[in-house]
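Asks: Sequence:
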Amino acid sequence: MTEFTVMVAPSGARRGKRDHLNLPVTPEEITQTAADCYVAGAGALHLHVRDEEGQHSLDAGRYRTVMEAVQEAAPGMKVQITTESAGLFSPKDQLHCLMQLRPAAASVSVREMARDLAVAARAYAFSAEVGTRVQHILYGASCIAQLKEWYGDGTVPPSMRDAIFVLGSYAPPVLGQPEDMAGFLSAAADLRLNWTACAFGRNERACLLAAIAAGGDARIGFENNIETPEGEMLQDNAASVAALVRAAQDAGHSLKEG
Numbered sequence: 001m002t003e004f005t006v007m008v009a010p011s012g013a014r015r016g017k018r019d020h021l022n023l024p025v026t027p028e029e030i031t032q033t034a035a036d037c038y039v040a041g042a043g044a045l046h047l048h049v050r051d052e053e054g055q056h057s058l059d060a061g062r063y064r065t066v067m068e069a070v071q072e073a074a075p076g077m078k079v080q081i082t083t084e085s086a087g088l089f090s091p092k093d094q095l096h097c098l099m100q101l102r103p104a105a106a107s108v109s110v111r112e113m114a115r116d117l118a119v120a121a122r123a124y125a126f127s128a129e130v131g132t133r134v135q136h137i138l139y140g141a142s143c144i145a146q147l148k149e150w151y152g153d154g155t156v157p158p159s160m161r162d163a164i165f166v167l168g169s170y171a172p173p174v175l176g177q178p179e180d181m182a183g184f185l186s187a188a189a190d191l192r193l194n195w196t197a198c199a200f201g202r203n204e205r206a207c208l209l210a211a212i213a214a215g216g217d218a219r220i221g222f223e224n225n226i227e228t229p230e231g232e233m234l235q236d237n238a239a240s241v242a243a244l245v246r247a248a249q250d251a252g253h254s255l256k257e258g
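Per our numbering, the sequence shown runs over residues 1 to 258.
These aren't lab readings, by the way, just hints derived from the structure by calculation.
All of these numbers come straight from a predicted model, not from anything done at the bench.
Be aware that a few hints might be false.
Unchecked claim - Derived pair list, reagent style DSS-like, types lysine-lysine, alpha-carbon separation capped at 27 Å: (1) 92 / 78; (2) 78 / 17; (3) 92 / 148; (4) 256 / 78.
Starting from the given sequences, assemble the full structure and let the hints guide the process.
Replies: In structure tokens form, the structure reads like this:
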């Protein structure tokens, strides 16, 4: 039996109120959701922000506003920003966000950074210089192979060993499956990663329980899934977090402090 941590990803870049009325979009909604999820067992927040039209944004000012509010509402909660492009931003835009914000933690897609190798090298080097904890987003074997190559040629510093395995996909819609974990673990076996998993669709909880049992951590939330395992709508992000924590503890695992 293992210890595990939970990060909540409450909104993502693409879903909105049309998908679920309790999906948080405004700074106030995100802050309240973060606080509720912290009480439910999520020790960290995977943060997306939106512009005035509700579209995905990498604006440093918008990030700062929400980060400060979350720090006040849930002082013990860690915050990781996303640099996700969502088809809107270039690697240069993603680097600009990192440079403007200098966050404590950020998720960075290997697949997206590979679009511009020179910018990728600058992004990883800058993050190492300022102490940003980078979590590599890995969508499959090709991303893992690219990360291996970058460790080998020095593009990614050897100390950056945090990663998230993404099971399934949003578009095209593919349900994550617990058995998907095996491919990631096999491909990354020699990388000594500190890994987390997330999963799209109603199998999210089963996938994350499999990840915890395999020694990983869990990221859960409406970015990836808004349904119960039975296909009903989840009440909100906090309910999703609480259900996962209960199920993991029932299986004999323990929530890690801090």
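Asks: Each hint: holds or not?
Replies: Evaluation of the provided hints:
no.: 1; hint: 92 / 78; in the structure: holds, 26 Å
no.: 2; hint: 78 / 17; in the structure: holds, 26 Å
no.: 3; hint: 92 / 148; in the structure: holds, 23 Å
no.: 4; hint: 256 / 78; in the structure: holds, 14 Å
Of the numbered hints stated above, none is contradicted by the structure.
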